[in-house]
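There are 2 protein chains.
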Amino acid sequence: MLETVEQKKTKRSLAAEELNTMREELIDLANAAKAAKIPVIITIDGWSAAGKGSQIAKLIKYMDPRFYNVESIRTPNSVEKRKPWLHRYWQRLPKQGEFLILDGSWYRDTVNALMFGEIDKDEYKRRIKDINTFERQLADDGYLIIKFFLHISEKEQKKRLDKLAESEITRWRVTETDLENNRNYEKFFKRYDKTLTRTNTEFAPWHIVSANDKTTAQFTIMMTVTNAIKGACAAKEKGEKFIERPEFPTAGYQPESFRLVKTKKLADVDMDKQLTDEEYGKKLEKYQNRLFELQNICYQKKIPVIVAYEGWDAGGKGGNIKRVASALDPRGYEVKPIAAPEPSELARHYLWRFWNRLENDGHFTIFDRTWYGRVMVEPIEKITPQWRADMAYQEINEFEEQLTEWGAVICKFWINIDKDEQYRRFKERENTPSKQWKITDEDWRNREKWDEYERAVDRMVELTSTEFAPWTIVEGNDKKYARVKALKTICKMIEERLEKLR
Amino acid sequence: MLETVEQKKTKRSLAAEELNTMREELIDLANAAKAAKIPVIITIDGWSAAGKGSQIAKLIKYMDPRFYNVESIRTPNSVEKRKPWLHRYWQRLPKQGEFLILDGSWYRDTVNALMFGEIDKDEYKRRIKDINTFERQLADDGYLIIKFFLHISEKEQKKRLDKLAESEITRWRVTETDLENNRNYEKFFKRYDKTLTRTNTEFAPWHIVSANDKTTAQFTIMMTVTNAIKGACAAKEKGEKFIERPEFPTAGYQPESFRLVKTKKLADVDMDKQLTDEEYGKKLEKYQNRLFELQNICYQKKIPVIVAYEGWDAGGKGGNIKRVASALDPRGYEVKPIAAPEPSELARHYLWRFWNRLENDGHFTIFDRTWYGRVMVEPIEKITPQWRADMAYQEINEFEEQLTEWGAVICKFWINIDKDEQYRRFKERENTPSKQWKITDEDWRNREKWDEYERAVDRMVELTSTEFAPWTIVEGNDKKYARVKALKTICKMIEERLEKLR
Numbered sequence: 001m002l003e004t005v006e007q008k009k010t011k012r013s014l015a016a017e018e019l020n021t022m023r024e025e026l027i028d029l030a031n032a033a034k035a036a037k038i039p040v041i042i043t044i045d046g047w048s049a050a051g052k053g054s055q056i057a058k059l060i061k062y063m064d065p066r067f068y069n070v071e072s073i074r075t076p077n078s079v080e081k082r083k084p085w086l087h088r089y090w091q092r093l094p095k096q097g098e099f100l101i102l103d104g105s106w107y108r109d110t111v112n113a114l115m116f117g118e119i120d121k122d123e124y125k126r127r128i129k130d131i132n133t134f135e136r137q138l139a140d141d142g143y144l145i146i147k148f149f150l151h152i153s154e155k156e157q158k159k160r161l162d163k164l165a166e167s168e169i170t171r172w173r174v175t176e177t178d179l180e181n182n183r184n185y186e187k188f189f190k191r192y193d194k195t196l197t198r199t200n201t202e203f204a205p206w207h208i209v210s211a212n213d214k215t216t217a218q219f220t221i222m223m224t225v226t227n228a229i230k231g232a233c234a235a236k237e238k239g240e241k242f243i244e245r246p247e248f249p250t251a252g253y254q255p256e257s258f259r260l261v262k263t264k265k266l267a268d269v270d271m272d273k274q275l276t277d278e279e280y281g282k283k284l285e286k287y288q289n290r291l292f293e294l295q296n297i298c299y300q301k302k303i304p305v306i307v308a309y310e311g312w313d314a315g316g317k318g319g320n321i322k323r324v325a326s327a328l329d330p331r332g333y334e335v336k337p338i339a340a341p342e343p344s345e346l347a348r349h350y351l352w353r354f355w356n357r358l359e360n361d362g363h364f365t366i367f368d369r370t371w372y373g374r375v376m377v378e379p380i381e382k383i384t385p386q387w388r389a390d391m392a393y394q395e396i397n398e399f400e401e402q403l404t405e406w407g408a409v410i411c412k413f414w415i416n417i418d419k420d421e422q423y424r425r426f427k428e429r430e431n432t433p434s435k436q437w438k439i440t441d442e443d444w445r446n447r448e449k450w451d452e453y454e455r456a457v458d459r460m461v462e463l464t465s466t467e468f469a470p471w472t473i474v475e476g477n478d479k480k481y482a483r484v485k486a487l488k489t490i491c492k493m494i495e496e497r498l499e500k501l502r
Numbered sequence: 001m002l003e004t005v006e007q008k009k010t011k012r013s014l015a016a017e018e019l020n021t022m023r024e025e026l027i028d029l030a031n032a033a034k035a036a037k038i039p040v041i042i043t044i045d046g047w048s049a050a051g052k053g054s055q056i057a058k059l060i061k062y063m064d065p066r067f068y069n070v071e072s073i074r075t076p077n078s079v080e081k082r083k084p085w086l087h088r089y090w091q092r093l094p095k096q097g098e099f100l101i102l103d104g105s106w107y108r109d110t111v112n113a114l115m116f117g118e119i120d121k122d123e124y125k126r127r128i129k130d131i132n133t134f135e136r137q138l139a140d141d142g143y144l145i146i147k148f149f150l151h152i153s154e155k156e157q158k159k160r161l162d163k164l165a166e167s168e169i170t171r172w173r174v175t176e177t178d179l180e181n182n183r184n185y186e187k188f189f190k191r192y193d194k195t196l197t198r199t200n201t202e203f204a205p206w207h208i209v210s211a212n213d214k215t216t217a218q219f220t221i222m223m224t225v226t227n228a229i230k231g232a233c234a235a236k237e238k239g240e241k242f243i244e245r246p247e248f249p250t251a252g253y254q255p256e257s258f259r260l261v262k263t264k265k266l267a268d269v270d271m272d273k274q275l276t277d278e279e280y281g282k283k284l285e286k287y288q289n290r291l292f293e294l295q296n297i298c299y300q301k302k303i304p305v306i307v308a309y310e311g312w313d314a315g316g317k318g319g320n321i322k323r324v325a326s327a328l329d330p331r332g333y334e335v336k337p338i339a340a341p342e343p344s345e346l347a348r349h350y351l352w353r354f355w356n357r358l359e360n361d362g363h364f365t366i367f368d369r370t371w372y373g374r375v376m377v378e379p380i381e382k383i384t385p386q387w388r389a390d391m392a393y394q395e396i397n398e399f400e401e402q403l404t405e406w407g408a409v410i411c412k413f414w415i416n417i418d419k420d421e422q423y424r425r426f427k428e429r430e431n432t433p434s435k436q437w438k439i440t441d442e443d444w445r446n447r448e449k450w451d452e453y454e455r456a457v458d459r460m461v462e463l464t465s466t467e468f469a470p471w472t473i474v475e476g477n478d479k480k481y482a483r484v485k486a487l488k489t490i491c492k493m494i495e496e497r498l499e500k501l502r
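Those protein sequences? They're chains Z and D, same order as listed.
No gaps in the numbering here: position 177 of the first sequence is 177 in the numbering used here, and each next residue is one more.
No gaps in the numbering here: position 55 of the second sequence is 55 in the numbering used here, and each next residue is one more.
If you are wondering where the hints come from, they were derived from the structure by calculation, not from laboratory data.
No incorrect hints appear here.
Pairs involving identical chains hold if they fit within one copy or between any two copies, as the list cannot separate such chains.
The calculated lysine-lysine pairs, modelled on DSSO-like cross-linking and capped at a C-alpha distance of 30 Å, are:
#1 K301 with K81
#2 K37 with K438
#3 K214 with K230
#4 K241 with K435
#5 K95 with K435
#6 K427 with K61
#7 K301 with K129
#8 K283 with K500
#9 K236 with K435
#10 K81 with K302
#11 K58 with K488
#12 K336 with K81
#13 K265 with K427
#14 K336 with K95
#15 K238 with K438
#16 K336 with K236
#17 K61 with K282
#18 K302 with K61
#19 K492 with K58
#20 K34 with K479
#21 K236 with K438
#22 K322 with K236
#23 K262 with K283
Source: prediction; values computed, not measured.
Isolated chain Z (complex conformation):
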């Protein structure tokens, strides 16, 4: 794509007035985006010394600083390195109606990592796939993504870097990375070009800015931003999806399709499985001890372990989680109970709050209810329309694949009980003073929708049992059996992972 870009020069006097008009328009448009609750992400990448910082300063000069956030993306720090690579971008997602403006983004991150030998080509390719997935997920959720690449010639870059290095005040701004960027201009050119080509999609097309001339660059950026926001607001008003006309041929992106493993329907699960007290005592001890050993190995090898619990009300999730937790060194895990989202969570992509809850690598993150609420309670309780919830099967598979790429072992449990057993437990809770807080009218109401939930669970298990993150249905009528099965499954899955690493 880059070779087709010509460096242009705009007459300053001509541009000034138009720029002013556009700036004023931008203020109104930012308000319109706020009113329409459109979250906007603007990424500015490009050559070293292409003027990213000063272009951003010009872009936001007249915008209301309460509603944008500018972040400068550098090499990940020690904390960021212990999370999935896209984690730091997920963390920074703007709320609906707000702007995130990135000076350098996942693109610079990826290209530099490859060029400086921190990742190999396979990892680079995975990242390109992750990026397309990430941007599509955001676009599907109503995010407007405007991507700029500031392009300057080798000569121009050299001139600018020399000039910065000349003055004592600006010398510190020229880094070894910048010099390398210029010394290997040809190699970077090819890599940038490939990267742009592969990530030029309909939902997040590239805007390549000819930036030898700063006024031209400013003009292009301002015009692109105002047009995109205008388009997005207009589309939203009509209830349509906003699709920009891309300047370059798009990459022909297709969402990944996942190979699924065969699963059982809930109706076919054998609910009679149980353990005697004696068997339970022995097996509990055995697998708890084994899990503790495995935790130590995971800690040393920095393997993250994600344990996700779903199940019927009164299925025994709490007690099950407790047996897993009490096997572990408490400094190495955290249990995340998932309740209804808070306003700041509702104002962002629904996966945001789960990304935000990931513990460091080497640690266990145990979710008590999970992102699967999206395809169960949300459509059934009409919190999310069915068509929107249906998109989550794909999104969740992608999310879990990214966790797997990070190195995570993912154990997903559906704790299953039958309808009679639930009735018995509800009644027991009602009749036991110390357990009454555990039973509410809502539990009874949910119970009335048993069949609807069962269909949703069957569908969820079927569509999200990927090879890397299959569901385990835990026969839960006997709590002892269920606890041992969960512990055993976690051990087995970690052992399999360790086996593969050998």
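Given chain Z, work out where chain D should sit, using these hints.
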């Protein structure tokens, strides 16, 4: 305090049964604390190899893992180093009804920093003061703080470290810090002793655990925790403050009293100040340019700048903030608009959400409305009782002093307009379509309470104008004058700080 502690030995057979009873009691007590919405912080400090980790594991073994969080506190990482030293503890505050259990805490942090030469004695003393303030603020807010120091003899410690070092599996756990802790047992003994003595307060008394014998230690910890929670729940039920009977004489803690600078009442502010367009243009440019230069210096010297905006509705805060922001490199500041707190914020100390919003050192954090809501809108709108809000003057002065110790320059602005000017602006907003979103019924309702607000503002300015963080009342009837004054004040305060650093 330490020299009075005798090492005891408990017969295991005797303890086992009682421990079991206490463990079961603890489950109920944890539920009671949850129901009573008492947040609990348990800190476990002590000698290296005193068994902190295994004591924690035993303590929580039967607790519900959804409602506690165990954190291991190590040397601050690169991100934590760029925040105030207590920031990482504030960040981890548990919600009401939840438990935070710390393996090592602000105590180990402080003693190690001194012993390993990272801080000097003055800084150590400041930290002791910060700790007492921190714990008092939490206790005042209903937090139950249970502090343990696990005490073992030099000989016992040597024995344990040698044993760990013997086995290949456990050798990695013995660090240079641990060895130093044993080699300089005497010196550490004295420092621990001083630290414990100075922080043994009524609201957060020390429990020194004789830990040569593990069963004795477990017994003491379990008994102390159950008693404290019982006491706190009983006190809360009666609406009383929980005060444990301390085992050792307390340090005689008194909250700091701050020297205040003289301030004006709002009624005495000259509201006629204004600038011509020409003066405005010149001065705006002058101070914006100067501020940009100063930002660069602050960035290089890692000086954090906190700008806090309060003012009447329609006072012009937004436009004022914009002029400050647009002077700055956008990568070096963030504007934090403060709205009503979310559930997760309401469930913690009210200063939590402000601690959480602090940017790194070297950056500007600009607050659009602030922690001062606590002494204005909250009591006036009956969100917080007056007596509770009144405690905030002290708490806020302490908070700002801690920010100052971190190195921050703090600029606090009250943007003042008179009642007629507000009326004019409200009407203008109502009559200008593009501004109508800015005016709500609530604004008119607040206006009816003008006198009450004015008294609250006068009191706030009087009681929180400390030498390190004085208020600046900005005459705001003329927006141009107000913007220049804010810019000029920020520049001046930064310059004064730089002057002092020379």
